[in-house]
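Engineer: All chains should be built: construct the whole structure from the sequences, respecting the hints.
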Amino acid sequence: MIEFKDVNLVYPNGTQGLKNVNVKINDGEFVVIVGLSGAGKSTFIRSINRLVTPTSGSLLIDDEDILKFHGKDLRKLRTKTGMIFQNYNLVKRSNVLKNVLAGRLGHTGTLRSILNLYSKEDISLAYRSLQRVNIDEKIYNRADELSGGQQQRVSIARVLTQQPKYILADEPVASLDPPTSHQVMTYLRKVNKEDNITTIVNLHFIDMAMEYADRIIGMRAGEVVFDGPVSEVSERTFEEIYGRSIREDDMRGGANES
Amino acid sequence: MTKENSSLTPKKVPSIYPSRTKKQVTFIFLVILGIYLFSMYWTQREMVGGIGGALGNMYTVIEKFFPPNFAVLPALLDPMIQTIQMAIIATTVAAILTIPLAILSAQNVTTFKPIYYVTKTFLNLLRTIPDLVLAVIFVGLFGIGLFPGILALVIFSLGILAKLVGETIESVDMNPLEAMRASGGNPLQVIWYALVPQVLPQYTSLVLYVFEINIRASVVLGYVGAGGIGLILNQQLGFYNYPNAMAIIIVIFVVVIIIEYISNKLREALI
Ligand SMILES: Nc1ncnc2c1ncn2[C@@H]1O[C@H](COP(=O)(O)OP(=O)(O)O)[C@@H](O)[C@H]1O
Ligand SMILES: [Mg+2]
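Heads up: the sequence lines are chains A and B, in that order. At position 64 of the first sequence (counting the first as 1) the number is 64 in full-length UniProt numbering, and the numbers step up by one without a gap. At position 256 of the second sequence (counting the first as 1) the number is 256 in full-length UniProt numbering, and the numbers step up by one without a gap.
Please note that the accuracy of each hint is not assured.
[Said to hold, decoys possible] Computed cross-link-like contacts, DSSO-like style, restricted to lysine-lysine with a CA-CA straight-line distance of at most 27 Å:
no.	chain 1	residue 1	chain 2	residue 2
1	B	Lys163	B	Lys64
2	A	Lys92	B	Lys163
3	B	Lys113	A	Lys72
Everything labelled a hint here was simulated from the structure, so no lab data went into it.
Structural biologist: Now the structure itself:
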């Protein structure tokens, strides 16, 4: 369980990234965070694995306040929170398998990982993860030989290999075309259901949020301005979150093309 | 619409650069040309006999140096190998020492500012000392031989290599590093998995490049007492044995060209 209690985050330059955030995310949920660019979605998600550190309040993950963590504690926390990025963040010159095995880094000793001494279980876990996102035939391709959608699937496989309890996805489809976007969201959703991994996804497409989320959290200027199940969300809700009327580019579209 | 169009056509075609820039560039160009002409005139005046005299001297020099005495070739093998060894050992040591220094002098990886500034300043200091000066100092300290030469080359090439590798590190894609950190990797794992693959080809290429520089530098260093073929060349010139010296010069020339050729081919294959 993830619990934000009165969390504030002020960046060194004075920007308020998070403002009095109180949110509780239960195990197994699929939560989509929506909001305009600059609303604080990335700050919210990156607080959970402490890529940024809130300046006040407390953030409990499995009943531990992670804001006090550093060094080993922090790496242990990050081992159980897998992350997916807008730009896939693969090592382009390394092959797919090596990229996916990097998901085991937190579970593997420094020397073993540097010498590539992964256990048989780790390697077969990496391979099965690639199979789950249907990209196992590219195992020895260099990452930069793959298309955007394929790279994002490899990054999902990397996260699966990490065997996290939580998956944080920061705009995972922002660089993809509509059909590929739906494919990636479908995989995330499937993993969430099959492995019961709590998943938090940042999106700014309304239609995708409605299609995949169990629950939607709306943010504006660092504040949580909406929090509720999808069944309670209407176009009106989005207009309130965004503070303006809905436009065509708030929709990804293309659901039936995929 | 039509009115706007016609106003843009023939009469006034804007030039690519604003006229102010053009004037500045022309001015700078003229100043530099002036400096060239002046220094040409000045050096000629200082030179006894001017360009004409130099051409005359050249003839006498060439006459003394030719034909080269290739009978000394077998005796040159050992010192030539020493020179190459000097460059290889120095490049290897520098290539290893470069790794921590380059990482610490890369702003994107070493986020702790004081360490970054100290390393950067240290490297800048290293680069201000010419290799010849280093060699003269070390020959003074340790006596004539290969060791002072190697030491001088290590310090000299460390300055160049760590700077170039450091800059390569600063230009890498930081996204994969963030991903490794986010998955619980420790700093060493992050560097090994996300940084090393990105800089390895460039690093190898730079090491080869510095090796080429070191081969040439080690000849020159030998000249001030750091052993190898340079030392022999210096001795032969001291005995006024010009045909021997010419043979040595030709050997150096050929060896340097061969090594640069191989090194270039390797670097081409890498990138
Ligand atoms: N490292 C940072 N330093 C200063 N301000 C930042 C930093 N990162 C984000 N911000 C600011 O914090 C606010 C929230 O940003 P972000 O969480 O990235 O929003 P979103 O992901 O919703 O687009 C924005 O105003 C942004 O400019
Ligand atoms: Mg963002």
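Engineer: For every hint, state whether the structure bears it out.
Structural biologist: Hint check results:
1. Restraint check for B/Lys163 and B/Lys64: not satisfied, since their Cα atoms lie roughly 44 Å apart, outside the 27 Å limit.
2. A C-alpha spacing of about 24 Å is found between A/Lys92 and B/Lys163, which places the hinted pair at or below 27 Å, so the restraint holds.
3. A C-alpha spacing of about 23 Å is found between B/Lys113 and A/Lys72, which places the hinted pair at or below 27 Å, so the restraint holds.
Consistency with the previously given hints fails for number 1 only.
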